[in-house]
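Dock chain Y against chain W, hints included.
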Amino acid sequence: MESLLYPMIALGGLGLAFGLLLSFASRKFAVPVDPKVAAVRALLPGANCGACGFEGCDIYAENVAAGKAETNRCPVGGGELAAALAAVMGTEAEVQEKKVASVRCRTSCERGIEAYIYQGIRDCRKATVLPGGGPNACSYSCLGFGTCIPACAFGALSVQDGVIVVDRHLCVGCGKCVEACPRGVLEMIPVSQPVRLACNNADKGVQVREVCPEGCIGCGLCAKVCEAKAIEMRNNLPVIDGSLCVGCGKCVEKCPVKAIVVTPAGEEKTGAGGE
Amino acid sequence: MKHRLFRGGVHPEGGKELTKDKPIVPLDPGGTLVFPLSQHIGAPCLPLVEKGQEILRGQLIASPPEGRLGVAIHSSVSGKVKSIEMRPVVGGRGVSVVVENDGLAREVSFEERPRWRELSRESILSIISESGIVGLGGACFPTSVKLNPPPDSPIDTVILNGAECEPYLTCDDRIMQEHADDVACGTELLRRIFPDARIVVGLEENKPEAIEALSGAFAAIGADVEVRALPVMYPQGSEKQLIFAVTGRSVPSGKLPCAVGCLVQNVATVRNMYLAVAQGRPLMDRVITVTGEGIAEPGNFLVPLGTLVSRLIEVAGGFKGDPGKVIAGGPMMGFALTRLDVPVVKGTSGILVQPRSMTLVEPERDCIRCGRCIEVCPMGLEPYRLNRLALLEDYDAFVDEGGMDCIECGSCSYTCPSMRYLVQSLREAKRTAAARRRK
Chain W
1402 MESLLYPMIA LGGLGLAFGL LLSFASRKFA VPVDPKVAAV RALLPGANCG ACGFEGCDIY
1462 AENVAAGKAE TNRCPVGGGE LAAALAAVMG TEAEVQEKKV ASVRCRTSCE RGIEAYIYQG
1522 IRDCRKATVL PGGGPNACSY SCLGFGTCIP ACAFGALSVQ DGVIVVDRHL CVGCGKCVEA
1582 CPRGVLEMIP VSQPVRLACN NADKGVQVRE VCPEGCIGCG LCAKVCEAKA IEMRNNLPVI
1642 DGSLCVGCGK CVEKCPVKAI VVTPAGEEKT GAGGE
Chain Y
29 MKHRLFRGGV HPEGGKELTK DKPIVPLDPG GTLVFPLSQH IGAPCLPLVE KGQEILRGQL
89 IASPPEGRLG VAIHSSVSGK VKSIEMRPVV GGRGVSVVVE NDGLAREVSF EERPRWRELS
149 RESILSIISE SGIVGLGGAC FPTSVKLNPP PDSPIDTVIL NGAECEPYLT CDDRIMQEHA
209 DDVACGTELL RRIFPDARIV VGLEENKPEA IEALSGAFAA IGADVEVRAL PVMYPQGSEK
269 QLIFAVTGRS VPSGKLPCAV GCLVQNVATV RNMYLAVAQG RPLMDRVITV TGEGIAEPGN
329 FLVPLGTLVS RLIEVAGGFK GDPGKVIAGG PMMGFALTRL DVPVVKGTSG ILVQPRSMTL
389 VEPERDCIRC GRCIEVCPMG LEPYRLNRLA LLEDYDAFVD EGGMDCIECG SCSYTCPSMR
449 YLVQSLREAK RTAAARRRK
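Chains as they are written, first to last, in the working numbering: chain W, 1402 to 1676; chain Y, 29 to 467.
If you're looking for bench data, these hints aren't it; they were derived computationally from the structure. Errors might be hidden in some of the hints.
[Unchecked claim] What the simulated footprint calls covered on chain Y by chain W, stretch by stretch (three residues with Cβ under 8 angstroms from a Cβ of chain W suffice, anywhere in the stretch; the number is not a length):
1. 108-122
2. 365-373
3. 444-453
[To be verified] Computed, partial: chain W to chain Y, Cβ under 8 angstroms:
4. Gly1447
5. Ala1516
6. Tyr1517
7. Gln1520
8. Gly1521
9. Ile1522
10. Arg1526
11. Lys1527
12. Gly1534
A virtual CB, placed ideally from N, CA and C, is assigned to each residue, including glycine.
Okay, chain W solo, but in the shape it has when bound (with noise of 0.2 angstroms):
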């Protein structure tokens, strides 16, 4: 009996003893945390894509917290979670419309021009110190080799004969493939655009032909038609704005080479086909 005493009162003894210890510390070196920010991290998708900006979704809700960042930063959440965390801080929630990646290119090598047999590595930054930037003819194009697919943490991304593919039910909106991709063949736009341009070549007609038999010829079609002056040239390429945009769909009709495509939501209003 007493071998089974002494261990179990001593190994009380300590426990009590550790337990004041961390009651006592507990108090005296307490952090004050803010509940707001453990309000703010629920609300958070945790997706930690960093598209507010800041390192992850723990530092982003202490900046919401503190009052240093807007609540509308999140683009996985959109609107909805700005509204929620404007709650949450008691502010006026300032909705930003969601918007999606878009590839402005849709010519594949097969269907292109390509300038040479690219025996290199498979990876489009890697491809960029090539003579003219890589091998596809155009220095403009999705090259196809898919750097921007790991950095999108959503899986949105997928090469489809040769060109990048966006898939716009998971994308959500972070901006994050628009870095990665070393030619700015992908922009974001508004979910409500109706059209989107899907030409990336700032280079004169005659140029743009002798590389490519979709690229956009910077005609300027496009902006004459737009009754809505939704469409301004800038650098030979239509520059497309989303908010004025009424969906009419004649830009898309007039293009020549059907550089300008509508978008699911333009599906909608126009009625006009698929992409």
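Just chain Y, lined up with the frame of chain W:
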């Protein structure tokens, strides 16, 4: 004397016998010439001519922006300016002056300077700058800037680079054989600029004719210049490797040769210095080797700058068989061309055509850690490791491992039994790391 040799290096197959004994032939540049405004290290030039303007051979057509690093560009033919527009150039596109050649070769009157030996250091440097001379070995760094090192690093050794270690290329070899007297006079100019320095010509043992011609030319004018025959090893012609081979000094990482009191000039550059200073002729032509198993009549040509590569190939008898690859420069460090309507620029030392059978490469396999790339790296790097870091995009570690010292000589890729694309990954990592550092 005992030969020093830098560490590493490879022995790529020569290919020099194709053009070694072909004399330099002046080349008719054809109808259209293209002068890119950016063909040197520094700011692109600003055009000084307008569309439709009549120009003469030797006329200044573009000069660098005021106060920026760069050198002037001169027309190599007489004719009319057709346009100033974006044109394909080696390695991409660039704004260029396009000239329609009238074939008359009307020249501006070049100001000869019979008393060139008495010119002051300053006037020599300014003539070199105005004559558009850059390092003709391929780096295209403005020569007048290179000849004016900071005063706190005195130059005691000037090395003329005649190594021409790239396989196939023979343009420097031919210049040394045929224009040894010009090169010798050029060293007189270097002597004026660096009165106390010793001058050494470093070239490889496989050029006995050039060694003989140069020794004779130096003896004829009584110049105190040593001609040093070095063992054949690639990349002997790389600046740091040549300095080590000649003087035994190692240039520290990230430093310029002047840090160890050395200055290296390519023999073709030195020859053009002489032409510019004594005869008043700016840099208008350069010697180019058009060679390879895929070309009908390989040869060395005196090519007016701006000539299109397609014209060069035409003059050299056209393609032989199925051309696989057309390379501007040598096989180790040259750039494969994607189109033939690009012009010859100041840094183009050769056009190499390889038949398709020679250009088929096996796909890349996994690194087997054999360490051969480490053995051959002349900079003492570990290419397999840098390759891994580059592929992982760990640019900080890449810089820590000395990746920025890579001279992209291609020895590692040449040796790799797994056919890994070492240089490509290293080049990308170097560029990205440098861009990040600037940020």
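Outcome of the hint check:
Counting residues of the stretch 108-122 of chain Y whose CB lies closer than 8 angstroms to any CB of chain W gives 5, so the stated coverage by that chain holds, three being the minimum. Under the rule that three or more residues need a Cβ within less than 8 angstroms of chain W, the assignment of the stretch 365-373 of chain Y holds, with 3 such residues. Counting residues of the stretch 444-453 of chain Y whose beta carbon lies closer than 8 angstroms to any beta carbon of chain W gives 3, which meets the minimum of three for the stated coverage. Contact between Gly1447/W and chain Y, as hinted, is not supported at the beta carbon level, the nearest pair being about 25 angstroms apart and thus beyond 8 angstroms.
Hint status for Ala1516/W: holds, given a least beta-carbon distance of 4 angstroms to chain Y, under 8 angstroms. Checking Tyr1517/W against chain Y by beta carbon gives a least distance of about 5 angstroms; that is within 8 angstroms, so the hint holds. Among the interface hints, the one on Gln1520/W holds; its C-beta lies about 5 angstroms from the nearest C-beta in chain Y, closer than the 8 angstroms criterion. Annotation: Gly1521/W was flagged as interfacial toward chain Y, and the flag holds, the nearest CB pair being 5 angstroms apart, inside 8 angstroms.
The interface hint given for Ile1522/W is met, as the beta carbon of that residue sits about 5 angstroms from the closest beta carbon of chain Y, less than 8 angstroms. At a threshold of 8 angstroms, the smallest CB-CB gap from Arg1526/W to chain Y is about 6 angstroms, leaving the interface hint in force. The beta carbon of Lys1527/W comes within 5 angstroms of a beta carbon in chain Y, closer than 8 angstroms, and the hint placing it at the interface holds. A hinted interface residue such as Gly1534/W counts as satisfied when its beta carbon comes closer than 8 angstroms to some beta carbon of chain Y; here the least separation is about 7 angstroms, so the hint holds.
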